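Chains as they are written, first to last, in the working numbering: chain D, 438 to 694; chain A, 76 to 374.
Possibly wrong hints are sitting among the right ones.
Within a straight-line C-alpha distance of at most 27 Å, the following computed BS3-like cross-link-like pairs (lysine-lysine) qualify [said to hold, decoys possible]:
1) D:Lys-538 to A:Lys-364
2) A:Lys-279 to A:Lys-183
3) A:Lys-364 to A:Lys-291
4) A:Lys-183 to D:Lys-440
5) D:Lys-440 to A:Lys-265
6) A:Lys-291 to A:Lys-265
7) A:Lys-291 to A:Lys-183
8) A:Lys-265 to A:Lys-279
9) A:Lys-279 to A:Lys-291
10) D:Lys-538 to A:Lys-152
11) A:Lys-279 to D:Lys-440
12) D:Lys-551 to A:Lys-121
13) A:Lys-183 to A:Lys-265
14) A:Lys-121 to A:Lys-152
15) A:Lys-364 to A:Lys-152
16) D:Lys-538 to A:Lys-121
17) D:Lys-551 to D:Lys-538
In short, the hints are calculated from the structure, not lab data.
Bear in mind the structure is a predicted one, so any value in this text is a computation, not a measurement.
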Amino acid sequence: MNKTLQMVLLVVVFAVMAYPLVWMLSISLRSGAGVSLRYYQEVWQAGPFDRYLLNSIVVVTLVLVGNIVFCTMAGYAFARYKIPGGRILFILVISMIMLPKQVILVPLYILMQKLNLIDTYAALTLPFAADPFNIFLIRQFLVTIPPDCEEAARLEGAGEMTVVFRVAFPMLRPALAVVAIHTCLINWNSFLFPFILTNTTEMRTLPVGLALLSQGAHSVDWGHLMAGAVIASIPVVVAFLIFQRQIISGLTSGMSR
Amino acid sequence: MTSPPALSRDFIGWRPMVMLLLPWGVIYAAFFLFPFVFSFVLAFLKYNPLNVQNTTFVGLENFSHLFNDPRFLRSLKNTLFFVVGTVPLTTAIALMLAVLLRGRVPGKGFFKAGFFFPSIVSMVVISLLFKLFYAPDGGLNHALRAFGLGGHTWLTDPSTALPAIMVMDIWAAVGYYAIIFDAGFAGIPKDLYEAARLEGAGFKDILFHVTLPMMKPVIAFVLVINTIRSFQIFIEVFMMTQGGPLGSTDTLVLYLYEAAFRHLDYGYASAIAYVVFILSGIFALLTLKRFRSDGKAPA
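Could you put the whole structure together from the sequences, leaning on the hints where they help?
Below, the structure written as structure tokens:
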């Protein structure tokens, strides 16, 4: 293919992709005549975005820790042990990856209500603390490594927990990086479940807070809305700038495996 | 006891196994398996959360009612239109983008990152952005006017609202799939290209007779995950149109949400959920089967 044509096409596509985002940024920064952060300051307080940000950080951190610990444990067991009925159990795990999550929305809401957990961090984190996709990733990664180190540790009398967390865990680092990226992105952007499982401003996460802002008093005010949208995206942008390569290779390799 | 320590592949005993599987098992059983089964049961009940005492078993009534419910039929039609309209287009454009990224191009990493970026931004942010972008004074009409084209109220016209949302979804997703295809291209053995070139094959021959056939498993994978995702379209219509104008953007999951949390009809909502589940499963299997029956590449 012609190199110049290729370059021109790439630039055109890039411009089309970037235009809406640039437009959003310009609306959020334009106030009156010049450029200012006025909309950002006002929407930050109206949000209250500090609270949404805190909730999002707490939820994503707890879910991430849960996934790293629980999925390593389960992934290890599926990879290394002969579990009676383990194959069927593992197929059950994988089949749940593709299930449309809306199927469990209503029953999960009823369950959380019965447990008195609506509007708590527990409701926002527990159901998501052991994502089957992560178990799948860790298990697939582990079966490619021979269990020699773990055997050696067992010969020296190490218990299974020590074997998993002291010996296998450090070897899992590449897989855990993918797990972390996948878990953080999904949960940072998650909307439907956090929206249903909370009902006070104090417990809303960033996407939910932003969605409600857009349907409230500020809904006619573009500058505030776009400033809110940018605020909600800043952490993702920063993470993307720092971990760009890992995010791209992690998500694609994870998905196409 | 001096019995030899268990080998990894042997049965290691119940204690460590149970210990390692327990946290996941509890979460899985409580927040997944139980709701999944409960949802199935709910679909056969008349269940109102404000009047739980009067819950009754209604058999297949929820399902049979679906097919006499104009809003359900409309939502089904719109969702199918959305899936059939976006999935092949997204895949085709993503493939073209990946082809564009082939070879040595200056600034390749920059382009890749730029194309990929929208797919990591929250759908709430994207929907909100495009709601204003499509407005009469929004960015799209602003750009169109530069080309001398008249403005249009994209989201308030029943004939353009759903297509406008579909274009947005394609915009948001192509980069992600393009990067997956790019990774797939990299996995094709180099000597295949060399052999084709030695036989005098041009760019087009190589693309259609070497690259694309080798990419079949990746294309099948992308079609399947995108189909399943697209059946779940909700945030976009919830944020941008609430199903309007005139029901032209009603979708299955939006209806599910409203049946459950506005009309408080949990049984009916669960029936809709199972329709989404079964339909997306059927579509995914048909896609896989189509790609396998050609017998060229194992998916």
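Evaluation of the provided hints:
1. D:Lys-538 to A:Lys-364: The given pair, whose Cα atoms are some 24 Å apart, holds under the 27 Å limit.
2. A:Lys-279 to A:Lys-183: holds, 22 Å
3. A:Lys-364 to A:Lys-291: Within the cut-off at roughly 12 Å; holds.
4. A:Lys-183 to D:Lys-440: holds, 13 Å
5. D:Lys-440 to A:Lys-265: This hinted pair holds, its Cα atoms lying about 21 Å apart.
6. A:Lys-291 to A:Lys-265: holds, 17 Å
7. A:Lys-291 to A:Lys-183: This hinted pair holds, its Cα atoms lying about 25 Å apart.
8. A:Lys-265 to A:Lys-279: Satisfied, since the Cα-Cα distance of roughly 17 Å is no more than 27 Å.
9. A:Lys-279 to A:Lys-291: Measuring from Cα to Cα gives roughly 17 Å; hence the hint holds.
10. D:Lys-538 to A:Lys-152: holds, 21 Å
11. A:Lys-279 to D:Lys-440: holds, 15 Å
12. D:Lys-551 to A:Lys-121: holds, 19 Å
13. A:Lys-183 to A:Lys-265: Distance ~20 Å between Lys-183 (chain A) and Lys-265 (chain A) Cα, so the pair holds.
14. A:Lys-121 to A:Lys-152: With a Cα-Cα distance of about 25 Å, the restraint between Lys-121 (chain A) and Lys-152 (chain A) holds, given a limit of 27 Å.
15. A:Lys-364 to A:Lys-152: With Cα atoms ~24 Å apart, Lys-364 (chain A) and Lys-152 (chain A) stay inside 27 Å; holds.
16. D:Lys-538 to A:Lys-121: holds, 22 Å
17. D:Lys-551 to D:Lys-538: Roughly 20 Å between the alpha carbons, so the hint for Lys-551 (chain D) and Lys-538 (chain D) holds.
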